[in-house]
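Protein sequences appear in the order of chains X and S. If you use this note's numbering, the first sequence corresponds to residues 1 to 246, in order. If you use this note's numbering, the second sequence corresponds to residues 1 to 105, in order.
Quick caveat, the hints were computed from the structure, so don't treat them as lab data. Because the structure is a prediction, the values reported are computed rather than measured. Keep in mind that a hint or two might mislead.
[As the list claims (entries may be wrong)] Taking lysine-lysine pairs in the DSSO-like style, the calculated list, with each CA pair at most 27 Å apart, reads: (1) S:Lys70 / X:Lys13; (2) S:Lys14 / X:Lys28; (3) S:Lys47 / X:Lys28; (4) X:Lys23 / S:Lys74; (5) X:Lys28 / X:Lys215; (6) X:Lys23 / S:Lys70; (7) X:Lys76 / S:Lys47; (8) X:Lys13 / X:Lys28; (9) X:Lys215 / X:Lys120; (10) X:Lys125 / X:Lys28; (11) S:Lys74 / X:Lys28; (12) X:Lys224 / S:Lys47.
[What the hints assert, rightly or not] Heads up, incomplete: computed chain X residues facing chain S, CB under 10 Å, no partners named: (13) Ala24; (14) Gly50; (15) Pro90; (16) Leu91; (17) Gly95; (18) Ala114; (19) Arg117; (20) Asn207; (21) Met210; (22) Val212; (23) Phe242.
Quick reminder that beta carbons are idealized off the backbone N, C-alpha and C, glycines included.
Each chain is listed here by its residues.
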Amino acid sequence: MATVAVSPTNDDKLWNGGVEPLKASYGKLMMWFFLLSDAFTFSALLITYGLIRFAHKSWPAGAEVFSPEYWPIPEKVFNAMPFLHGYDLPLVFVGIMTFILIMSSVTMVLAVEAGHRMDKADVQKWLLWTIVGGAAFVGCQAWEWTHFIHGTDEGTLLANGQRIFGASLAENQYGPMLFADLFFFITGFHGTHVLSGVILNFLIFYNTTMDVYQKRGHYEMIEKIGLYWHFVDLVWVFVFTFFYLV
Amino acid sequence: MEHTVSHTPGEIAKPNTAHIWRTFWIMAAITALEFVIAFVMASGPLKVSIFVGLTIVKAFYIVAEFMHLKYEVKALMFSILLPLLFVIWFLVAMIAEGGSIYSVR
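With the sequences and hints as input, model every part of the structure.
Right, here's the structure in full:
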């Protein structure tokens with residue numbers, strides 16, 4: 001035995017460079033810490049929603065009509081569905097959106113798994129499905145916003161005799177003004193994340209096709225973007241619960 | 001990474017995806033259960049706590065399995081999870097604040 005190499009198991013040398021003490025590359029670590037900071041941002045938004053909701057009156061039992069006085073129950077607001085105008089289908093559309101996003105998270109893990117096996121064709125296939133899922137989700141959200149902005153057929157009659165339809169930053173037929181503001185801000189901020197994710201997914205799909213990762217010898221970039229994509233799914237799970245279910 | 005399959009160039013290993021689909025079915029079942037609860041249960045603190053509980057279960061599966069955090073080094077796991085304790089503090093403080101704004105209005 002000529003020389004003794006620096007052993008990664010030797011604790012004295014662990015943090016002195018040359019090894020990865022957390023057994024994760026720099027890029028992956030930084031993605032984790034970015035996601036931690038993003039988690040704080042989204043928590044702050046959802047906690048703000050909680051605070052403002054608790055500071056408002058909720059609907060009195062038996063008198064469940066839209067009014068600027070009362071914070072509405074979400075399943076009465078989000079009950080519309082494309083091509084089924086006029087039917088009361090609470091949470092069905094948003095349930096479909098949730099399913100689409102969870103599904104695209106699954107296809108992303110499958111792409112990462114294919115990357116471990118250096119299987120270019122499989123990586124391409126699963127990344128394409130992930131892009132399709134992400135684009136479908138953004139499309140659904142656009143429809144949801146359109147419906148929210150246009151409002152119901154009857155609208156809401158205000159105390160001053162004026163009838164208003166839908167929600168904007170200036171008026172809101174469904175409840176207090178802040179309800180609409182928070183809806184636009186929280187789902188909009190999440191939707192922006194999904195859109196960025198779709199763009200990133202497209203970039204890694206392009207690189208995969210151009211053999212960038214095959215030549216590099218590993219598909220770790222898929223894992224890093226995958227972390228981001230799962231995080232977007234994770235945030236949606238919380239938005240779904242706190243904005244639509246409770 | 002937990003498995004780096006050794007292979008000769010040009011040879012591609014068979015997909016090993018059973019555990020991924022298992023996680024998917026668990027999450028799909030939880031979401032379906034949430035839907036059932038949304039329509040059969042009267043709203044109240046119990047319903048809210050069931051929803052929050054199921055959300056945390058789903059979040060666990062996404063972070064542990066899909067994001068692979070369960071299989072990372074403990075130091076990495078805790079550097080991500082422990083700072084999130086501040087969120088719980090913030091949540092409790094702000095919900096209490098919302099309640100007191102309501103009572104003074």
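How the hints compare with the structure:
1. S:Lys70 / X:Lys13: 26 Å, holds
2. S:Lys14 / X:Lys28: 26 Å, holds
3. S:Lys47 / X:Lys28: 38 Å, violated
4. X:Lys23 / S:Lys74: 10 Å, holds
5. X:Lys28 / X:Lys215: 20 Å, holds
6. X:Lys23 / S:Lys70: 13 Å, holds
7. X:Lys76 / S:Lys47: Holds, at roughly 17 Å.
8. X:Lys13 / X:Lys28: Distance ~22 Å between X:Lys13 and X:Lys28 Cα, so the pair holds.
9. X:Lys215 / X:Lys120: Holds: X:Lys215 and X:Lys120 sit about 11 Å apart, inside 27 Å.
10. X:Lys125 / X:Lys28: It holds: about 23 Å lies between the C-alpha atoms, which stays within 27 Å.
11. S:Lys74 / X:Lys28: With a Cα-Cα distance of about 15 Å, the restraint between S:Lys74 and X:Lys28 holds, given a limit of 27 Å.
12. X:Lys224 / S:Lys47: The given pair, whose Cα atoms are some 36 Å apart, is violated under the 27 Å limit.
13. Ala24: 6 Å, holds
14. Gly50: 5 Å, holds
15. Pro90: 8 Å, holds
16. Leu91: Check passed: Cβ of X:Leu91 comes within 6 Å of chain S, closer than 10 Å.
17. Gly95: Check passed: Cβ of X:Gly95 comes within 6 Å of chain S, closer than 10 Å.
18. Ala114: 7 Å, holds
19. Arg117: Holds - the Cβ of X:Arg117 comes within 10 Å of chain S, reaching about 5 Å at its closest.
20. Asn207: 19 Å, violated
21. Met210: 19 Å, violated
22. Val212: Hint on X:Val212: violated, closest Cβ of chain S at ~17 Å, above 10 Å.
23. Phe242: 8 Å, holds
Consistency with the previously given hints fails for numbers 3, 12, 20, 21 and 22, ordered from lowest to highest.
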